[in-house]
Amino acid sequence: MSALSLLPARRPVPGVFVALTLTLAIGWLVVLMDGGQLFNQSTTVSLLHVAAGLGLVAVGQTLVILGGSLDLSVAYVISLSTLVAAETMNGSDGALLPAIGLALVVSAGVGLLNGLLVTKLRVNAFIATLGVGLLLKGYLDNGYDGPAGTTSPALVQSLGYQRIGPVPVSFLLLVAVTAAAWFALSKTRFGHHLVAVGGDPEVARLSGVRNDRILVTAHVLCSMCAGLAGVYLASRLGSGAPRVGTEGLYDLESIAAVVIGGTALAGGRGGVVGTVGGVLLLASIDAIFNQLEVDAFFKQVIRGAIIIAAVAVYARRAMRKAAA
Amino acid sequence: MQTVQRRTLPLRLPRVRPGGVLPILAILAVLLVLVGIRQPDFLSPPSLMSFLGRSAPIILLAAGQYFVIVSGEFDLSVGSLVTAQVVVAARLIDGDPTRTWPVVLLLLAFGALVGLVNGLITTRLRVPSFITTLGMFLILVGAVYLWSDGAPKGGLSEEFRRFGRRAFEDVPLLGRVPYALLVLLALAAVAVLLMRSDFGRTLVAVGDNPRTAELSGVRVWRTRTIAFILSGLAAAAAAILLGGYSGVSFQAGAGLEFGAITAVVLGGVALGGGRGSVVGAMLGALTLELLFALMNFYGVSGALRSTVQGAIILLAVAVSATRSSSR
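Quick note, the sequences are listed as chains A and B, same order.
If you want our numbering, it's the position in the first sequence, counting the first as 1, plus 59.
If you want our numbering, it's the position in the second sequence, counting the first as 1, plus 402.
In short, the hints are calculated from the structure, not lab data.
Backbone N, C-alpha and C fix where the C-beta goes; we use that ideal spot for every residue, glycine too.
Some hints here could point you the wrong way.
Unchecked claim - Coverage of chain A stretches by chain B, computed from C-beta distances (three or more under 8 angstroms per stretch; other residues unrestricted):
{"hint": "1", "region": "178-192"}
{"hint": "2", "region": "226-236"}
{"hint": "3", "region": "310-319"}
{"hint": "4", "region": "364-372"}
Claimed, not checked - Label-pair restraints from in silico Cβ distances:
{"hint": "5", "chain 1": "B", "residue 1": "Phe601", "chain 2": "A", "residue 2": "Asp259", "range": "29 to 37 angstroms"}
{"hint": "6", "chain 1": "B", "residue 1": "Val592", "chain 2": "A", "residue 2": "Met92", "range": "49 to 57 angstroms"}
{"hint": "7", "chain 1": "B", "residue 1": "Val432", "chain 2": "A", "residue 2": "Arg269", "range": "55 to 63 angstroms"}
{"hint": "8", "chain 1": "B", "residue 1": "Ala511", "chain 2": "A", "residue 2": "Ser151", "range": "55 to 63 angstroms"}
In isolation and in its complexed conformation, chain A is listed as follows (with noise of 0.2 angstroms):
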């Protein structure tokens, strides 16, 4: 119990990244003898596209779980995004930019609803934003049966399959949104004030922090990161998708990617770089299983298993060092 286990957690990189390294070794063994290749072109630029898409809204998610909150209205958010960029586009490349402004807009605003319902009304996050999520639900049920609107041609082609070798622009749009976020946390005022924010707020308050302006200002990124991921599944689509946000499980698989990232569920510790760590392990698991064309369903009980697993994982070791 020396400094060989101090170490990964003082750390800032957490051991995500063993696991997944340990993952795509194992996986790309038992897929060999399986007779496939898991590193072929096909494969990787498919899970790269998985994490791009889960990528952007764990991003997000990552804010508002370090500031001590929680966003369960995402998938409902990146299908209303899809809808509202693929109406406005409506198949012209002239309407490109207004229509991912208006997308971004709009998922701003309901993270603002988001973030003033938890600060300001004190409604717990977890309520705050189930509620907020049905309100939305019912909208799309009610307006929409199925897919509408066209995706520009000029989006698809860019943002939706473009890529550079075996790296899709759009992984590249997350590495991107993941770099800023990472300075922003890293760097700014804002990025330790959300962190002392989960941390401890009536610490945080007593030292001078906004607390309500910071987490409401966590909310509304997180939102228009699921608006982001949004406008990123339109283009893939080609059109809007009333319900690609919760088919896709977005809002447990965006928690899952976190926690499994390290940060803790509670606030105040963890990072997006983590949060990357876990989107690209549960990316690559996706990724094996297909390749040894795995049962779906039986793909979503070993994924309930190992989410489970990880953050028992990561509460034992919390409770050791604690009790250290």
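Chain A is already provided as a structure; the job is to place chain B on it using the hints.
Showing chain B alone in chain A's frame:
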């Protein structure tokens, strides 16, 4: 320890009451009047009895969810548990009436087991119940699809369906009394007795302040685990009634966990634990169902249900939050 509990409880109860059952009764009364104006037939005894029978599953789920919430946790797996149970029951019974009772017992055991696993993972492995039960949700949905190759198989026997469907007809005054209503009344009585027992007091104490409860000798982990088991059992009972009423489908339990949480919150139970009554939670479920019936009468699209549900959740919690912070 006994004397401490006996002394603090009467002090606390009157404070609970105003935030507990009275407001929800008032809302219920207002809705009944509105329904009576729009659709007087609905208030005739037979149709009212049928309505109560139909609402029995969600009321039971609300009671189950109450145990978990009042102890300071969440159970998001109940909807998927209901689905799993209905599909399992159909496949195992496969239309054979002699298998009805063994399968009913098996479902109850299955519900208790899922609750036990949820409880142990949450309390012993310290995984937040939010993650535990959402993980369980994934596992159950995946497992049930896997087990039935993507389409429900078999069928429920008439014996099994009778709980959710049939009623004693030609009852004087009431017209008809659904079996489901009797099941509900019996289980509701059990729930109320349970909350008045030492266990119930301990459960509320654990939700109110786990640390204090632990220091005064309560085994917090065991109390919370039992709450999860009760929630699993309630889901099993709800599944038996629901399967009987609406038949077998993968959508049988979809969204019920959020319905149950809405009902509990509406019934004046504080999230985070420690405050509110099980009767309030059940009345909350009844109110929610009545509200949906009312929306139907006014021709509001069914798709807007979730919007209404969301608005109610936000309103109920915002009102109680502002009240408690001003105290």
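Each hint tested on the structure:
1. Counting residues of the region 178-192 of chain A whose C-beta lies closer than 8 angstroms to any C-beta of chain B gives 11; at least three are required, and the coverage claim holds.
2. Note: the region 226-236 of chain A has 0 residues with beta-carbon separation from chain B under 8 angstroms; the three-residue rule is not met and the coverage is violated.
3. With a threshold of 8 angstroms between beta carbons, the proposed coverage of the region 310-319 of chain A by chain B holds, since 4 of its residues qualify and at least three are required.
4. Against chain B, the region 364-372 of chain A contributes 5 residues with a C-beta closer than 8 angstroms to a partner C-beta. That satisfies the three-residue criterion, and the hint holds.
5. The given range of 29 to 37 angstroms is respected by B/Phe601 and A/Asp259, whose C-beta atoms sit roughly 34 angstroms from each other.
6. Taking 49 to 57 angstroms as the suggested C-beta distance range, the pair B/Val592 and A/Met92 conforms, at roughly 55 angstroms.
7. B/Val432 and A/Arg269 have their C-beta atoms about 40 angstroms apart, which leaves the hinted 55 to 63 angstroms range violated.
8. Between B/Ala511 and A/Ser151 the CB atoms are about 60 angstroms apart, so this pair conforms to the stated range of 55 to 63 angstroms.
Checked against the numbered hints above, the structure violates hints 2, 7; every other hint is satisfied.
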